[in-house]
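Novice: Residue numbers (the working numbering), protein chains in the order written: chain A, 1 to 243; chain B, 244 to 491.
Keep in mind the hints are simulated off the structure, nothing from the lab. Yeah, the Cβ is synthetic: ideal placement off N, Cα and C, and Gly gets one too. Any given hint could turn out to be false.
Covered, in the sense of this in silico footprint (three residues per stretch, anywhere, with C-beta under 8 angstroms from a C-beta of chain A), are these stretches of chain B [as the list claims (entries may be wrong)]:
{"hint": "1", "region": "253-261"}
{"hint": "2", "region": "333-339"}
With beta-carbon atoms standing in for the labels, derived distance ranges [as the list claims (entries may be wrong)]:
{"hint": "3", "chain 1": "A", "residue 1": "Ser208", "chain 2": "B", "residue 2": "Leu263", "range": "56 to 64 angstroms"}
{"hint": "4", "chain 1": "A", "residue 1": "Asp161", "chain 2": "B", "residue 2": "Tyr260", "range": "45 to 53 angstroms"}
{"hint": "5", "chain 1": "A", "residue 1": "Arg197", "chain 2": "B", "residue 2": "Pro325", "range": "25 to 33 angstroms"}
{"hint": "6", "chain 1": "B", "residue 1": "Val413", "chain 2": "A", "residue 2": "Pro116", "range": "37 to 45 angstroms"}
{"hint": "7", "chain 1": "B", "residue 1": "Leu465", "chain 2": "A", "residue 2": "Glu62", "range": "44 to 52 angstroms"}
{"hint": "8", "chain 1": "B", "residue 1": "Asp404", "chain 2": "A", "residue 2": "Pro63", "range": "56 to 64 angstroms"}
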Amino acid sequence: MIQIRNVSKSYGRKRALKDINLSLPHGEIVGLFGENGAGKTTLMKCILGFVSYTGEITLDSEPITPKNISRISFATSEHSFFPNLTAQAHKEFYSEHFPRFSEKRFRGLMDFFGLPMHEPIRGFSTGQKNQFEVILSLCQGADYILMDEPFVGNDVFNREDFYKVMMGILEPTETVLLSTHLIEEVSSLVGRAVLIRQGRIVGDVYVSELEDSGRDLMSYIKETYHYRADRVSKAIDELTGEE
Amino acid sequence: MKPHLSVLMLLARSTIYKVLGLLLALALVEGALFHLALVSNGSGDSGFVSLERAFAQSRIPIVFGVCFLVMTILIERTGHAPGSKQEYTLWRLSVSERSVFAWQALYNTSCYIMLWAAQLFVALALCRLYLLRTNPAFTSHQTVLLAFYRNNFLHSLLPLDEVSRWVSNVAVIIGVGVTSASVPFERRRGKAGVTAFVRAVLVLKLFNSGLGNLDVDIFLSLFGLAVAGVAVYRVWTQGKEVHVKYEN
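So here's chain A without its partners, still in its complex pose (with noise of 0.2 angstroms):
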């Protein structure tokens, strides 16, 4: 289990995030959502250790260190993969730092996506792009996956047949933490939602908890945010009603 307890983080004088209280224990895929500048982003390279924070974060109850840093894997719209190699030499340079690496499951997905083995990454399309960061988040043999923003630039069809995907290929101990503006989307791929709000944790709860009180993740997620449904239409009789 991912725990977080107490964890803040500045940018010089703005805060990042503060306080955050956030456990996530194995075998769950947890939705990560929040506005934009909301602490999504930060939270997850917190976890990952990629900048300073207050606080603590624990992995099965140890700190995450170069020992256990491999059981976490990364998968961003920024892209971490090198765009001079081919995917074959990702697949043989990720192989020998990840001990856990699933060549089956990398060529499964390969073929499924239909991208080529031997062509600089840096030749894909942008959608292929994030497709191949995916796969190598995926074949890590990492217990948690964190994923930000995946699938920007992803046609829908395709966002849909990874989603298919992911969930058919997932093993039950693998915890995946899905950060995304795509709500609805994923709102059945998720079956835990975390809100976070201007740095904090505003909502926590379970799809099957919502679906039993009779609400859809969306209506939970406005509820949370206090949307107001009229804000379009009155904003809309503003700007065309008579003066």
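For this one, chain A is given, so just place chain B on it according to the hints.
Specialist: Just chain B now, with coordinates in the frame of chain A:
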């Protein structure tokens, strides 16, 4: 050891074909310029041009400087380049970032040695071409030897018995190799490294120094080793283990 070698392979796979292509381009461009210099001076007795002058007219040091600059830009892109945050992977590897730096320093230094060797090979080939094309009455078995003493660039490429120049060549190559490895390391932390242009000027200065210029040799040797030392110190103090947090 295999993870370490895989880092070296990553560096080589990322740039080796471009580096080799660059060396080929260097040979072709310098060959063409040298040929033009010979042709522009005519042929036969009236068109005699000394070997040193032919080299000076063909602007070979400038081509070498441009190749140095391009090679530096190429090899510095591995580890930090637009379009991908490679640091997110490098910080999660089973080898430390310091090790990645050490392998990159070794690889980059090897690339610069290859550039030096390729330039020397091309220069010797052009000397051979010169001897074939020039009236034997104007050349002797010492023509090439003398050119390598008289021409600053040729002499710096192959300093013969001038030990201080060999030392400064090696020191500067180590200096540029190590600093070019520290540039992506610094950029991963949002800092700028020593610019490639400054290093190109340093190398051109070295390769433009005349025979017996001991002061310049000593200065460049110390400077090359000093910049390498500073780069290693900065990596050593900043490049802690993967999980250590970096302020972005």
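Novice: So which of the earlier hints does this model not fit?
Specialist: 4
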